[in-house]
Amino acid sequence: MARMKFLCDSERCIECNGCVTACKNANETEWGIQRRRVVTLDDGEVGKEVSISVACMHCSDAPCMAVCPTDCFYPTEDGLILHNKDACIGCGYCLYACPFGAPQFPKQGAFGARGKMDKCTFCAGGPESDPVLEEQKYGANRLREGKLPLCAEMCSTKALLAGDAQQVADIFRERVVYRGHRNSAWGSVEHEAAESEQLAQQAADLAYDATQSV
Amino acid sequence: MERYWSVRDAKTWLMLLLVVLMALPATVLAQSADARREAFQAMPGTTPEFWRDAVEGVSGRTQSNSPGADTLIMVEGERWREIRNQWISPGGAIALGGSLLAITLFYLLVGQVKLENPRTGKKIERWTRWDRTIHWYVAVLFIILGVTGLSILYAKWFLMPILPTSVWAAWMTAAKNIHNYLGPLFAIGVLAMILKWLKHNFFNMTDLKWFLKGGGIVGKAHPSAGYLNGGEKVWYWVIVTVGLTVVVSGLVLDFPNFGQSRETMQLFLIIHAVASLILMAAAFGHIYIGTLGTEGAFEGMKTGYVDESWAKQHHDLWYDAVKKKTGS
Amino acid sequence: MRLNKKVSDTSLDMNQNRLGVSRRGFLKGTTLAAGGIAATGLLGKGMIRPVEAATPKSSAPVEVKRTICTHCSVGCGVYAHVQNGVWTYQEAAFDNPINRGAHCAKGAALRYHGHSTRRLKYPMKLEGGKWKRLSWEQAINEVGDKIEQIRAESGPDSVFWLGSAKFNNEQAYLFRKMVSLWGTNNVEHQARICHSTTVAGVANTWGYGAMTNSYNDMQNSKSMLFIGSNAAEAHPVSLQHVMIAKERNNCKIVVADPRFTRTAAKATQYVRIRPGSDVAYVWGLLWHIFANGWEDKQYLAQRVYGMDEIREEVLQFPPDVVENITGVDEQTMYQTAKLLSDHRPGCVVWCMGGTQHTTGNNNTRAYCILELALGNIGKSGGGANIFRGHDNVQGATDFGVLSDSLPGYYGLAEGSWRHWAGVWGVDYEWIQNRFDQTEYRGGKPMHTNGITVSRWIDGVLEDKEKMAQNDNIRAMFYWGHAVNSQTRGPEMREAMKKLDMMVIVDPYPTVAAVMNDRTDGVYLLPACTQFETYGSVTASNRSIQWRSKVIDPHFESKPDHEIMYLLSKKVGIADQVFKNIQVNGDEPLIEDIVREYNRGMWTIGYTGQSPERLKYHQENWHAFDFTSLRAVGTDAHGDFYGLPWPCWGTPEMGHPGTHVLYDTSLPVKDGGLGFRANFGVERNGETLLAEGSAPVGNEIGDGHPEFTANMLKQLGWWDDLTEAEKAAADGKDWKTDLSGGIQRVAIKHGCAPFGNGKARTIVWTFPDAIPKHREPLYTTRRDLVESYPTWDDFESLYRMPTLYKSIQERDTSAEFPIILTSGRLVEYEGGGDETRSNPWLAELQQHMFVEINPFNANTLRIADGDDVWVYGPEGGRVRVKALVTNRVGRDVAFMPFHFGGEFQGEDLRSRYPEGSDPYVLGEAVNTVTTYGYDPVTIMQETKCTVCRIEKAA
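Residue numbers (my numbering), protein chains in the order written: chain S, 1 to 214; chain Y, 1 to 328; chain A, 1 to 953.
Worth flagging that the hints you see were computed from the coordinates, not collected in a lab.
Computed from a predicted structure; not experimentally measured.
Among these hints, one or two may not hold up.
Said to hold, decoys possible - Cross-link-like lysine to aspartate or glutamate pairs, in silico, EDC-like; alpha carbons within 20 angstroms at most:
| hint | chain 1 | residue 1 | chain 2 | residue 2 |
| --- | --- | --- | --- | --- |
| 1 | A | K569 | A | D592 |
| 2 | A | K881 | Y | D70 |
| 3 | S | K116 | Y | D254 |
| 4 | S | K48 | Y | E56 |
| 5 | S | K137 | S | E30 |
| 6 | Y | K156 | S | D71 |
| 7 | A | K772 | A | E153 |
To be verified - These stretches of chain A come out as covered by chain S in the derived footprint (C-beta under 8 angstroms, 3 or more residues):
| hint | segment |
| --- | --- |
| 8 | 91 to 102 |
| 9 | 227 to 241 |
| 10 | 264 to 270 |
| 11 | 836 to 843 |
Beta carbons are placed, not taken as given, at the ideal position from N, Cα and C, and that holds for glycine.
All chains, full assembly: derive it from the sequences and hints.
As structure tokens, then:
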């Protein structure tokens with residue numbers, strides 16, 4: 001079975017928040033719970049502003065799953081990371097471990113009362129056999145109906161892609177070819193990742209050195 | 001009867017912890033978290049500048065109001081996971097297991113410290129009703145918090161596989177709620193305890209000698225001790241330092257409604273876990289000494305009174321003082 | 001808190017498929033099959049998994065309704081899934097040719113409107129400071145009696161009918177007709193304060209005042225100039241087409257804006273210009289274009305009149321002068337000019353940033369002249385792509401919900417009235433008698449422009465002796481209007497207080513219901529949304545899309561056309577208004593209204609779009625190409641999607657609509673056109689008709705005037721008419737021949753009915769025949785006022801004295817050193833009453849704010865997130881949050897205009913009828929905006945006033 005992934009094309013994302021409300025529309029999460037959000041770095045800086053829509057990345061090696069005290073997360077055959085709200089105790093650990101801020105909690109109350117964790121399910125529902133209950137608890141199960149997450153389906157500029165990792169990558173690669181970037185194949189995109197990574201590492205090293213000199 | 005129960009209990013725990021110890025490294029090593037790889041696959045085509053900002057956790061703007069939502073990649077999450085899963089979790093197991101192992105070995109090798117002289121039947125009041133109330137209040141809460149806390153850290157490795165999901169979920173929900181609601185009560189007890197017993201716990205020359213003689217547990221020497229011996233004072237100060245750390249970090253975690261950032265919570269979770277595990281490992285020793293390890297010690301905290309010969313043996317200076325005071 | 005009702009009380013049927021067809025099959029045949037980046041489909045066929053089971057929210061059957069988003073002029077298609085009358089799901093309409101399933105935040109949150117409880121639930125009136133529930137009958141009676149009384153005392157012009165771009169076409173047409181038969185031209189809607197300067201400026205340049213190409217056609221552009229448009233927030237789905245052009249054609253995108261917008265973030269080049277300096281900026285570009293000979297000389301010779309005069313004017317704007325006025329240096333200007341010249345065809349896009357100025361008409365004409373010089377108009381990939389605002393502001397404009405025209409831009413002359421009287425089947429004399437017959441300055445009210453929406457405030461407050469009508473405005477209908485989108489808030493409150501009666505007809509209470517400071521005489525009549533009725537809507541690209549009714553009207557709300565019927569009946573004009581229109585119960589039949597306007601809208605070709613054709617297009621979204629908008633296959637084969645006007649002649653003629661205006665590469669019968677010959681045939685001895693250019697297949701082969709019966713006779717084409725057509729056409733022209741015969745015959749011979757003229761760069765009827773740079777009324781650049789002063793005051797424009805020089809004379813620059821401009825946020829629309837009542841959207845923007853440059857913020861000791869006071873030079877002030885950002889320059893502050901419900905620090909939440917207050921309230925930017933109106937169309941100035949910012953205590 002396909003491995004499902006999201007891909008956000010930052011060249012196209014215009015921070016319209018359509019994905020955010022589409023998610024609300026599909027999953028009817030309550031006020032304060034946004035399974036998806038758009039983050040803009042260098043907001044308002046000429047030539048630098050970039051927006052990216054993020055939600056759960058359904059990581060191959062999911063940190064949330066690794067730290068969950070109740071092991072409420074489980075991977076699906078599509079490579080999605082879903083969770084069982086019945087087992088969730090609202091400890092918040094997944095939020096502390098998740099690099100992408102995906103887990104959402106309805107509240108931040110005294111005595112650590114957070115309610116059940118809620119996060120993007122890739123519109124694949126959750127572990128509940130009764131569809132009505134499933135929809136109330138986890139939101140839509142569009143995947144089962146052969147549909148993809150509504151956020152990606154409704155993306156205003158088709159910046160947010162969802163689906164099989166390979167096919168999503170293919171669509172992106174095709175765009176890159178058109179844009180005339182020096183790297184066009186996914187493989188070399190990975191190479192570019194390594195390059196970027198290296199640059200980032202260099203910067204991190206510099207920063208580290210700076211702290212050492214104090 | 002009592003002794004038999006304790007030994008069996010300790011052995012069970014030891015076994016379980018060994019199992020945990022065996023199981024942990026395998027799972028920990030299997031993890032090779034790579035948020036960057038995930039992120040890069042999900043947001044390719046970004047410029048190196050952007051990428052650098054993203055992986056460094058530079059915050060931007062977002063319309064989401066969730067805590068930390070303005071950061072694209074929270075790099076600390078990775079580190080936290082690593083510290084918790086690869087260091088604290090196995091480290092705690094080793095500490096607790098090690099502590100139990102040491103105690104067991106000690107017990108097997110040395111055995112219980114017996115009363116040297118037969119009981120006189122005369123009782124001396126050692127712990128007032130207040131002392132005992134505070135002690136048992138804290139002790140009971142400590143055990144409950146310990147069990148629930150350890151459940152949160154370890155139970156998924158051994159309890160979850162054997163429980164039906166509904167029971168497992170109910171237990172864990174209960175564990176978390178019990179831990180969170182009793183925590184503040186424990187904090188009150190610890191504070192009361194620290195204040196109540198502060199006056200007995202200043203170190204003096206007697207304690208130094210006591211330490212030099214290894215507390216008299218090993219060998220046949222009988223170092224002098226006052227109302228509290230050096231070891232008890234050390235335990236007191238462990239509670240003051242480590243215990244208060246547990247309490248304060250616990251309160252920070254227990255009341256996330258003051259807008260603590262994810263980073264703050266991560267830090268305090270680590271502090272709380274480390275301090276609690278240290279405290280627990282130490283408490284095993286305290287419990288051993290106060291029960292199985294020392295004949296006649298437990299009844300002091302149980303009834304408030306100790307036998308004359310016990311007092312003479314373990315707290316001779318105090319015994320003398322009490323004698324002098326009562327004039328008998 | 002689950003904010004939505006769900007149908008969960010019924011049992012489930014696991015095997016039911018909500019779509020009716022399998023999703024797999026559904027997708028296979030549509031957009032994804034096209035593949036590639038043009039399609040930018042989300043999933044390949046292999047990824048679609050077989051439908052295993054469906055999860056309907058109930059076992060009730062699912063009806064799939066096709067409708068159109070009600071939030072902006074892009075016109076995104078929507079699939080609404082309805083069960084038991086409840087809108088349970090919203091699906092992406094991948095086959096809609098305009099949006100391909102895409103939505104912005106608003107479109108993706110549409111379904112909530114079908115559930116909203118924060119609506120007006122039943123008619124109410126304000127009595128003794130309290131909202132009191134009324135029956136519809138009582139409400140209509142009281143309102144009707146009051147306006148009859150005012151009519152008797154002050155004349156029909158003392159009732160002002162403020163309509164809406166939220167009407168569908170049929171309601172818009174009906175509204176104009178109803179008000180016309182009430183006897184006044186005091187009827188308006190948002191287009192006045194939206195694109196009126198575009199409509200006037202562009203129509204006076206080449207014929208029609210609408211977007212020349214389409215969103216889809218922008219995929220063919222090689223360059224784009226966005227000036228005064230933040231499409232990424234205002235028209236997000238249009239960016240889908242822009243991005244495709246960027247990827248496929250390597251299209252260069254230039255964004256000229258005082259603010260580094262989200263659109264600018266996607267641009268090849270961003271140019272920061274000073275607010276209000278558009279004309280100078282365009283002249284600066286043309287200076288380089290002319291200096292380097294980059295203009296399209298052949299095009300200019302054949303199709304443009306008066307470019308030489310422009311050339312002379314442009315010489316007054318060498319690089320240093322331009323830099324001084326706009327703040328853009330020579331190199332940047334050169335680069336931009338070269339970029340636009342090197343990459344043709346290119347288009348220009350503008351919105352409120354260009355139009356909402358005292359010099360709005362000069363701006364819009366300058367943009368047109370730039371495109372003419374580059375030869376971009378009338379070409380696929382080129383054009384003046386004027387993005388309209390509201391979903392149906394194009395339609396409402398076309399149907400004349402404006403004080404200066406009858407439907408179809410016919411104007412207000414006697415001939416126009418007689419034309420429409422003929423279509424309506426109503427006596428011209430009867431209509432005449434409904435009007436005030438007194439002569440005022442400029443003529444009789446029936447033939448003079450009414451008061452504009454931008455100035456109804458003055459219509460209430462002005463000394464009536466100075467007005468060109470009998471009395472002040474005494475009653476106001478706010479029929480789908482957000483008053484917080486109008487300038488001069490504090491004066492508006494005064495005006496509201498002075499009125500005899502306010503009637504708010506809207507799904508939401510709107511800011512008008514709470515800011516008025518009245519205790520009596522305010523009526524709230526609940527209208528339903530466009531999801532609760534049906535009809536047609538015109539997107540910005542002139543495509544007319546049909547909406548189906550999704551759900552029944554909520555609570556006691558009624559569709560607007562039903563309320564119009566009730567009111568017409570009450571005031572005794574229903575027989576005339578609905579003479580040709582069937583009324584079922586109280587609801588006029590939408591299809592009959594379409595058929596009626598089909599018989600009268602000859603000027604702009606709203607005649608070929610019968611309800612049947614429009615519905616057929618709606619049912620066959622999939623058949624239309626994503627780039628060319630042309631249908632392939634089906635009975636609509638060859639039609640452009642939505643029959644974009646002009647769709648000439650009768651429906652039977654089967655004209656496909658006109659996708660790209662003035663495109664001579666196509667025959668007229670297939671959507672080709674030359675420029676409209678609307679300005680005469682010659683001026684100062686120079687021809688105004690095209691020379692050596694005509695649409696393909698034009699039998700005249702050159703320029704020609706517009707068609708009349710006599711012209712047909714001269715050409716020897718008269719006998720091509722049928723006998724019936726001859727009878728109807730004799731003595732008429734292409735605009736007034738109700739048979740459509742003149743149009744049919746002209747097109748048969750390859751000629752556009754409106755002639756084949758030249759575009760003109762000089763509009764000799766305007767205050768500025770050649771667009772001039774003029775400093776804003778409130779300017780921080782006092783040094784430029786002497787060289788570029790505004791106009792002298794006008795004694796009467798649209799019935800009102802209008803001030804220019806006397807405002808500009810006052811130097812406010814010391815006290816108010818920062819320019820204040822305003823604009824859109826993607827999450828909200830217009831005045832925001834509807835969108836701020838939608839929690840999915842409201843959650844995303846919870847605070848009104850002002851964007852301040854870090855330089856100013858630091859100097860004023862303001863930190864990001866602080867509360868600040870923003871003061872305007874006419875006494876208004878607002879308390880808002882500071883957003884410190886480099887998005888704005890040091891000389892500019894920006895505020896969004898969607899907020900309301902707070903007024904100068906006062907929270908008005910308690911004044912809303914219970915349970916109908918929006919989730920988010922905030923200060924309206926227009927509480928601090930100021931006086932200033934374009935002299936041609938009375939557009940308000942919202943983009944360039946001045947302010948002072950202080951940290952709030």
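Consistency of the hints with the structure:
1. For the hint linking K569 of chain A to D592 of chain A, the alpha-carbon distance of about 18 angstroms falls within 20 angstroms, and the restraint holds.
2. Restraint check: the Cα-Cα separation between K881 of chain A and D70 of chain Y comes to about 18 angstroms, which is no more than 20 angstroms; the hinted pair holds.
3. For the given pair, K116 of chain S sits about 16 angstroms from D254 of chain Y by alpha-carbon distance, which is consistent with the 20 angstroms threshold.
4. Our distance criterion of 20 angstroms between C-alpha atoms is met by K48 of chain S and E56 of chain Y, whose separation comes to about 16 angstroms.
5. Distance check on the hinted pair: K137 of chain S and E30 of chain S sit about 11 angstroms apart at the alpha-carbon level, within 20 angstroms; holds.
6. With a C-alpha separation of about 7 angstroms, the suggested pairing of K156 of chain Y with D71 of chain S holds against the 20 angstroms cut-off.
7. With a C-alpha separation of about 44 angstroms, the suggested pair K772 of chain A and E153 of chain A falls outside the 20 angstroms cut-off, and the hint is violated.
8. With a cut-off of 8 angstroms between beta carbons, the segment 91 to 102 of chain A has 6 residues touching chain S; three or more are needed, and the interface restraint holds.
9. Closer than 8 angstroms: that is the beta-carbon criterion, and the segment 227 to 241 of chain A has 6 residues meeting it against chain S, so the requirement of 3 holds.
10. Coverage of the segment 264 to 270 of chain A by chain S holds [criterion: at least 3 residues with CB-CB distance below 8 angstroms; count 4].
11. Only when three residues or more bring their CB closer than 8 angstroms to a CB of chain S does the claim for the segment 836 to 843 of chain A stand; here the count is 4, and the claim holds.
Against the hints set out earlier in the document, a violation occurs for number 7 only.
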